[in-house]
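Once you've looked at the hints, dock chain B against the given chain A.
So the sequence lines, in the order shown, correspond to chains A and B. All residue numbers for the first sequence refer to my numbering, where the first residue is 28 and numbers rise by one. All residue numbers for the second sequence refer to my numbering, where the first residue is 28 and numbers rise by one.
In case anyone wonders, no lab produced these hints; they're calculated from the structure. Keep in mind that the hints are not guaranteed to be accurate.
Note that the list lumps identical chains together, so a pair holds whenever it fits in one copy or between two copies.
Unchecked claim - Calculated pairs, DSSO-like style, for lysine-lysine (alpha carbon to alpha carbon, straight line, at most 27 Å):
#1 Lys223 - Lys213
#2 Lys100 - Lys213
#3 Lys296 - Lys435
#4 Lys184 - Lys223
#5 Lys223 - Lys203
This is what each chain is made of:
There are 2 protein chains.
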Amino acid sequence: MLIQQTSTSLIDTLGHRRQQLANLIDFPVILWSGSNSPRNFLANPFPFRASSHFLYFAGLPLSNAAIRLEDGKLELFIDDPSPSSALWHGEMPTREEIAQQIGADVARPMAELESWLEDAATLAVQDAATWTQQSQLLNRWVLPQSPPQGIDLELAKAIASLRLTHDEAALTELRKAAAVTVEAHKAGMAATPKAKLEAEVRAAMEGVIIAHNMTTSYNSIVTVHGEVLHNEQYHHPLQPGDLLLADVGAETETGWAGDVTRTWPVSGKFSSTQRDIYNVVLAAHDACIARIHPGVEYGDIHLLAATVIAEGLVELGILQGNPQDLVEMDAHALFFPHGIGHLLGLDVHDMEDLGDLAGYEEGRERSDRFGLSYLRLNRPLRPGMLVTIEPGFYQVPAILNDANIRSKYQNVVNWQRLSEFADVRGIRIEDDVLVTAEGSEVLTAALPNDADTIENLVGS
Amino acid sequence: MLIQQTSTSLIDTLGHRRQQLANLIDFPVILWSGSNSPRNFLANPFPFRASSHFLYFAGLPLSNAAIRLEDGKLELFIDDPSPSSALWHGEMPTREEIAQQIGADVARPMAELESWLEDAATLAVQDAATWTQQSQLLNRWVLPQSPPQGIDLELAKAIASLRLTHDEAALTELRKAAAVTVEAHKAGMAATPKAKLEAEVRAAMEGVIIAHNMTTSYNSIVTVHGEVLHNEQYHHPLQPGDLLLADVGAETETGWAGDVTRTWPVSGKFSSTQRDIYNVVLAAHDACIARIHPGVEYGDIHLLAATVIAEGLVELGILQGNPQDLVEMDAHALFFPHGIGHLLGLDVHDMEDLGDLAGYEEGRERSDRFGLSYLRLNRPLRPGMLVTIEPGFYQVPAILNDANIRSKYQNVVNWQRLSEFADVRGIRIEDDVLVTAEGSEVLTAALPNDADTIENLVGS
Numbered sequence: 028m029l030i031q032q033t034s035t036s037l038i039d040t041l042g043h044r045r046q047q048l049a050n051l052i053d054f055p056v057i058l059w060s061g062s063n064s065p066r067n068f069l070a071n072p073f074p075f076r077a078s079s080h081f082l083y084f085a086g087l088p089l090s091n092a093a094i095r096l097e098d099g100k101l102e103l104f105i106d107d108p109s110p111s112s113a114l115w116h117g118e119m120p121t122r123e124e125i126a127q128q129i130g131a132d133v134a135r136p137m138a139e140l141e142s143w144l145e146d147a148a149t150l151a152v153q154d155a156a157t158w159t160q161q162s163q164l165l166n167r168w169v170l171p172q173s174p175p176q177g178i179d180l181e182l183a184k185a186i187a188s189l190r191l192t193h194d195e196a197a198l199t200e201l202r203k204a205a206a207v208t209v210e211a212h213k214a215g216m217a218a219t220p221k222a223k224l225e226a227e228v229r230a231a232m233e234g235v236i237i238a239h240n241m242t243t244s245y246n247s248i249v250t251v252h253g254e255v256l257h258n259e260q261y262h263h264p265l266q267p268g269d270l271l272l273a274d275v276g277a278e279t280e281t282g283w284a285g286d287v288t289r290t291w292p293v294s295g296k297f298s299s300t301q302r303d304i305y306n307v308v309l310a311a312h313d314a315c316i317a318r319i320h321p322g323v324e325y326g327d328i329h330l331l332a333a334t335v336i337a338e339g340l341v342e343l344g345i346l347q348g349n350p351q352d353l354v355e356m357d358a359h360a361l362f363f364p365h366g367i368g369h370l371l372g373l374d375v376h377d378m379e380d381l382g383d384l385a386g387y388e389e390g391r392e393r394s395d396r397f398g399l400s401y402l403r404l405n406r407p408l409r410p411g412m413l414v415t416i417e418p419g420f421y422q423v424p425a426i427l428n429d430a431n432i433r434s435k436y437q438n439v440v441n442w443q444r445l446s447e448f449a450d451v452r453g454i455r456i457e458d459d460v461l462v463t464a465e466g467s468e469v470l471t472a473a474l475p476n477d478a479d480t481i482e483n484l485v486g487s
Numbered sequence: 028m029l030i031q032q033t034s035t036s037l038i039d040t041l042g043h044r045r046q047q048l049a050n051l052i053d054f055p056v057i058l059w060s061g062s063n064s065p066r067n068f069l070a071n072p073f074p075f076r077a078s079s080h081f082l083y084f085a086g087l088p089l090s091n092a093a094i095r096l097e098d099g100k101l102e103l104f105i106d107d108p109s110p111s112s113a114l115w116h117g118e119m120p121t122r123e124e125i126a127q128q129i130g131a132d133v134a135r136p137m138a139e140l141e142s143w144l145e146d147a148a149t150l151a152v153q154d155a156a157t158w159t160q161q162s163q164l165l166n167r168w169v170l171p172q173s174p175p176q177g178i179d180l181e182l183a184k185a186i187a188s189l190r191l192t193h194d195e196a197a198l199t200e201l202r203k204a205a206a207v208t209v210e211a212h213k214a215g216m217a218a219t220p221k222a223k224l225e226a227e228v229r230a231a232m233e234g235v236i237i238a239h240n241m242t243t244s245y246n247s248i249v250t251v252h253g254e255v256l257h258n259e260q261y262h263h264p265l266q267p268g269d270l271l272l273a274d275v276g277a278e279t280e281t282g283w284a285g286d287v288t289r290t291w292p293v294s295g296k297f298s299s300t301q302r303d304i305y306n307v308v309l310a311a312h313d314a315c316i317a318r319i320h321p322g323v324e325y326g327d328i329h330l331l332a333a334t335v336i337a338e339g340l341v342e343l344g345i346l347q348g349n350p351q352d353l354v355e356m357d358a359h360a361l362f363f364p365h366g367i368g369h370l371l372g373l374d375v376h377d378m379e380d381l382g383d384l385a386g387y388e389e390g391r392e393r394s395d396r397f398g399l400s401y402l403r404l405n406r407p408l409r410p411g412m413l414v415t416i417e418p419g420f421y422q423v424p425a426i427l428n429d430a431n432i433r434s435k436y437q438n439v440v441n442w443q444r445l446s447e448f449a450d451v452r453g454i455r456i457e458d459d460v461l462v463t464a465e466g467s468e469v470l471t472a473a474l475p476n477d478a479d480t481i482e483n484l485v486g487s
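If we strip away everything but chain A, and leave its shape as in the complex, we get (with noise of 0.2 Å):
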């Protein structure tokens, strides 16, 4: 737990953030913080997380405790350290401290809790003994799989309404975390020509993070098969030919998120087939930031990172035909199969807890298209929300070897010429973007993504 000075800042946010709770709803609400997931025994958990719309009004990251919020005030539940948990954990705050230093207006024992729940919404958090607790204690099922329903629904609307904006104090916080993840990659280039797994890379990159006291905010993607999306491994020998992807992105103490992917080459020079589609997700990435702006859909922006990839794919003579209609029948979904990106904030896919409620208009859903069915975003932009952009190109053999896809696209695709282009088997390039008044602001701009200064920063 942190053990911070008072802030009055810190105070004067929370409080914001009530206030503007409280325009919205007229029914009290309770938060759980959440407890420990046991690991392989209970007295071996993973790293505590606390609940993301907890961390939000109460700002530290507390655990067994809850907090209950009407008409603007604060009322925090905890227990006072057990004179047993000083011997193993140390001289902790009390409650009243705590409660001081968030600006409760209350504080009482977790005990008490059960006679303060009368009409209270609240939304799962993601532990079972929390969750337990809280279907227990409402007398109703609060599951995290199962989405909010009646006044939990109204409830999560209106978060999710305060939280696709960022104040200040979580821009202050989205910052470091995104200058922290900045430095993780800049070490995880430096480290390559050393490397001889795809595990030291990694390693030197999360040291970076864990030396600045903060943690991974989802698990690391560091690998030389960018064509697996989601690759957990790290255990492949790093060749001279190989292009390396990290996705990798740091979360302060407090729980807000950096989410960054670069991809570079091993051996410090990019070959000339991985340098042409290097520049044409590139280019795909810079068109999209140029776009942001309040007021523009983020689909279409989507669509544009679409469109950039089928034109730079045409170009390259790898499709062939319009690249508007090559768009309208999904064939740069053949190399580029997910979104453009998502929100970004206490959560890496922000409020993903919650299903589409925050990535979703009211009254839009998910498509079923092939190319737009992954796009977890969909709303007009607004200055305040931060959103990734992540265009990529990937060979996947689970795509492209399939019988009927290839049939359908046998016309658009040159596979001959594709066939040239096989050490390039994932690229992707992602950054961290603020929509602003203006425009845009790149929190992650601190990181090179240029092909030329990325091979220096790698060296060799």
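Structure of chain B alone, referenced to chain A:
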């Protein structure tokens, strides 16, 4: 998931373990592997950790799988990878390939498991999705926090008796874990002179573990406040007069753990008071290891540590009286309040998910004595057991400032003299020791622990 060459020795090892189990019980057994525990949302889980009991008999960290053991036969239940999983997770081995790798007699899809449950015993897995499934399928509560009953208890006792001593395959893995753990500690010492924060030393240590494609076997302790026994904060600055206590261990890809503690001076030089106490702890450590031998009671080794610490503290003028008498009145526990160690294997506190069933010889129970209640192992030693030996000295404010304790030990502590040792907040020295037919073998012996060599490794 690991994709290894089919290994005859893995198949033989697993077959031997099954046969040993079949010699002890006459009912079928189903062990689930477990599934991912969600972190802040379902698609962002903690790194997967398979159940230790499953790993012991299946050898591979498969997720969403189960094995059925009966009369020495092995049936594997796992689903073939779905077509969409190839997109996200790449080409995965098929059910039949996995079955071949582990020497399964039969392999079936998970859906068929429900036809093979009759009269089967099981043990609870830690993640909620799995224990829910276990409970539903077996139509009885199977909960990680509830002690096993009936045939489940018989199974627990049988497995505990097998896992208590390690076979050659287990020792091969445990030696790998020990070797990487040793390297991590050396890296931590080497990183200290340039580090400003505890977190930076932690990063150097965990970086070694990640680079070897291993994980930490528990949440690392890397702190200048060693007196907080389970300190999981890493934000303190390093000051030249501080001792840094690092309790960090590596876990191999198939789940076998290392667990080592070293304490070193941030400046590279122990003060004379730090060196005096360090040598008392080291003397206890060495005496305990010298005493390890088949047939010796582990509880007696704990008492030996207590006695050597009491003797050393009498010699330094901190305690007053006859060391044996001091131990009988638990005066050593003022400064050494935990047990001398525990079993080590697939879990860092091996089989602690079974409560004291593995750690305590049948018929024995935890003592309520201040100096003995935290003892996790109370059995006569046998060849093949792996235990930690981890004496320590701590000045815990919650103990030493307790009025009742102060008054009880009024006459045996020289509080004035103790105050001269204020720069010794916490010291622990921990190694992993295998009981052999001849005595013992320290698996972590490659990591020095004498004060002079430690100083050299830290440098300045």
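Verification of the supplied hints:
Proximity of Lys223 and Lys213 under a CA criterion of 27 Å is satisfied in both settings, with 18 Å inside one chain copy and 21 Å between copies. In the homo-oligomer, the alpha carbons of Lys100 and Lys213 never lie at most 27 Å apart, since the shortest distance is 44 Å inside one protomer and 51 Å across protomers. Proximity of Lys296 to Lys435 under the C-alpha cut-off of 27 Å is found in neither arrangement, the shortest distances being 36 Å within a copy and 72 Å between copies. In this homomeric assembly, Lys184 and Lys223 never come within 27 Å of each other (Cα to Cα): the closest approach is 48 Å inside a single copy and 44 Å across copies.
When the C-alpha separation of Lys223 and Lys203 is checked against a cutoff of 27 Å, the pair qualifies only between copies, where the shortest distance is 19 Å, while the shortest distance within a copy is 31 Å.
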